[in-house]
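Protein chains in written order, with our numbering: chain L, 599 to 865; chain X, 4 to 284.
These are computed hints drawn from the structure, not numbers from a lab. No experiment lies behind these values; they were computed from the predicted model shown. Glycine included, each C-beta is placed from N, C-alpha and C at the ideal position. Incorrect hints may have been included.
Stated by the list, open to error - What follows is a list of derived Cβ distance ranges for each label pair: (1) L/V620 to X/L225: 32 to 40 Å; (2) X/T63 to L/F744: 29 to 37 Å; (3) X/P221 to L/F744: 29 to 37 Å; (4) X/N36 to L/S826: 48 to 56 Å; (5) L/F611 to X/Y114: 41 to 49 Å; (6) X/I71 to L/H823: 25 to 33 Å; (7) X/Q256 to L/Y708: 26 to 34 Å; (8) L/L609 to X/R118: 49 to 57 Å; (9) L/I628 to X/R277: 18 to 26 Å; (10) L/V620 to X/G42: 33 to 41 Å; (11) L/V620 to X/R277: 30 to 38 Å; (12) L/T616 to X/M161: 56 to 64 Å.
Chain by chain, the residues:
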Amino acid sequence: MLIINTFVRTLRFIGAYTVANVQAAMEYRISFWVQIFTMAANDSLWLFFWWTYFHQFPLVHGWQNNDIVVIWAVTACAFGIAMGFFGNSPKLAALIMNGGLDAYLGMPRYVLLHVCVSASDPTAWGDIIFAVGAFLLFLHPDLLHFALYVLMALSGALIFTSFVVIICSLAFFLGNTEGLAQQLLGTLITFSTYPMNIFSGTVRLLLFTVIPAGFISFVPLQLLHQFSWLLLAALFGFTTLIVFVAMGVFHLGLRRYESGNLLGMQG
Amino acid sequence: MNTIIAQPEKSFKQNMGYALRKYTTVFHVSIANNLAYMGEVVFRTIFLVVFVYVFLQLWTATFAAKGIHSLSGFRISDMVWYLATTETIALSLPQLTRLIDQEVRSGQLAYLLGRPCSYVFYHYAQYLGGRLVRLVINAAVAFIVAMLFVGPPPFSWMGLLVWPLVVFLAISIDFAVYFSIGLLAFWTEETTPFFLIVNRLALVLGGVLAPLEVLPQPIRGLAQVLPFSAVLYGPARTLVHFELDHFIGLLVQQFITLAIGSLVLFVLYRIATRRVNINGG
């Protein structure tokens with residue numbers, strides 16, 4: 599019962615922050631909608647490019663025409679959820695470097711979660727609209743497949759956020775890792791949006807461990823092709839593991855954190 | 004009498020000389036500033052390495068699936084060198100639009116307008132310095148990576164000789180486009196969406212991932228009639244597959260694009276600066 603109560607309270611906390619973030623972004627209403635529309639158009643442009651490409655140059659090894667739509671729909675939705683709800687996570691390295699964590703450490707809420715939810719990227723909603731739209735429009739899923747898709751996108755969002763937290767937390771140990779974090783996040787997104795069929799050997803192993811792109815797009819693709827409880831368990835198992843690793847690395851680093859005596863307002 | 008007539012001529016030459024020295028100094032300072040953050044510049048090349056690797060795998064799989072050794076005259080090694088070249092240029096773009104946007108919104112523009120130099124040329128010199136550092140680092144990393152993956156480049160001496168010129172024109176076109184988008188901050192709440200759309204169109208239709216000849220229809224048809232190819236496809240093809248006819252056509256396309264882009268920039272700048280009010284204090 600205590601676990602359920604904590605879970606519900608956490609969800610309400612995330613929900614309240616997200617609503618406040620969206621309201622803040624809607625202060626500039628036109629800009630907010632233009633950003634969403636632009637991101638959806640940007641994703642559509644890339645999807646159109648790759649769809650026509652793979653239509654003309656189909657890959658072998660069981661690659662199907664609509665697979666590129668699945669990969670993009672799952673990755674964009676996962677990334678959108680991550681940046682829409684936990685949009686402050688990419689700024690974690692800068693906060694660590696500038697002593698910006700001070701504002702959160704005195705608060706009663708769980709620090710890492712509080713840092714992550716305190717900002718939202720408006721363009722992320724464009725990613726989500728594009729992803730859900732593309733999935734429904736091109737794949738015509740039944741209710742079960744759509745529910746599975748949403749579940750896998752949520753899992754992907756947790757993987758994205760945890761990955762960002764881990765690489766940004768390196769700032770506790772290595773100094774300014776903001777540039778490195780941006781590059782590694784870009785790398786994860788890049789690997790997630792290409793067919794896994796083209797990689798083999800060590801690189802494929804890396805894509806299921808160090809840069810977990812395989813769990814963001816490839817495993818969901820396999821699950822949508824042919825559902826397997828074992829594969830779903832592997833996906834959730836890895837998601838749980840990476841969330842705990844992220845929390846562990848952050849807390850380990852927090853012991854080394856030195857306050858910058860920074861005065862700040864936290865709304 | 005002679006002195007009176009000669010004075011304005013000498014003065015004009017002197018002014019030109021001073022202006023050149025002034026912007027050259029800004030250019031040098033910008034290079035020094037960017038070299039001071041070498042770590043960041045080198046980190047940025049991780050993405051370049053990833054891209055080249057991913058595309059090598061993609062082209063290898065595509066060629067194997069089709070059972071072919073070349074596509075529209077491009078072998079896998081040509082494709083990789085082409086990609087290394089386009090990515091060298093594309094990933095060297097600094098955050099010019101954001102800089103101008105912030106200067107307009109924060110009012111810092113007012114301080115810069117008071118300086119004894121043109122706001123546009125000051126930023127152009129600064130931009131060239133920053134972009135040159137990134138270009139050189141990217142080119143060095145791309146060269147090593149492509150060399151390791153597919154062996155020596157297929158460059159001709161003519162291609163190597165004219166490449167700096169077409170790259171200079173390409174990055175000048177980029178400056179005109181992204182500076183103009185930054186100036187839109189005078190009228191709009193946010194310029195990022197405009198940047199995003201133009202940048203993505205330039206990447207997809209500019210032939211960053213593959214030569215235009217290889218792209219599927221209708222993307223190929225669309226890309227061939229739009230000016231985006233003057234920035235990425237044109238310079239990369241000149242280096243990898245030099246053809247005199249293509250080179251001359253590219254130069255004409257670049258000059259026309261640059262002229263139109265510069266005209267738009269200066270008209271926007273003229274209208275925008277009329278909206279600036281500077282109060283002392």
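Verification of the hints:
no.: 1; hint: L/V620 to X/L225: 32 to 40 Å; verdict: holds, 35 Å
no.: 2; hint: X/T63 to L/F744: 29 to 37 Å; verdict: holds, 35 Å
no.: 3; hint: X/P221 to L/F744: 29 to 37 Å; verdict: holds, 31 Å
no.: 4; hint: X/N36 to L/S826: 48 to 56 Å; verdict: holds, 54 Å
no.: 5; hint: L/F611 to X/Y114: 41 to 49 Å; verdict: holds, 43 Å
no.: 6; hint: X/I71 to L/H823: 25 to 33 Å; verdict: holds, 28 Å
no.: 7; hint: X/Q256 to L/Y708: 26 to 34 Å; verdict: violated, 57 Å
no.: 8; hint: L/L609 to X/R118: 49 to 57 Å; verdict: holds, 53 Å
no.: 9; hint: L/I628 to X/R277: 18 to 26 Å; verdict: holds, 23 Å
no.: 10; hint: L/V620 to X/G42: 33 to 41 Å; verdict: holds, 36 Å
no.: 11; hint: L/V620 to X/R277: 30 to 38 Å; verdict: holds, 36 Å
no.: 12; hint: L/T616 to X/M161: 56 to 64 Å; verdict: holds, 58 Å
Of the hints listed earlier, the one the structure fails to meet is number 7.
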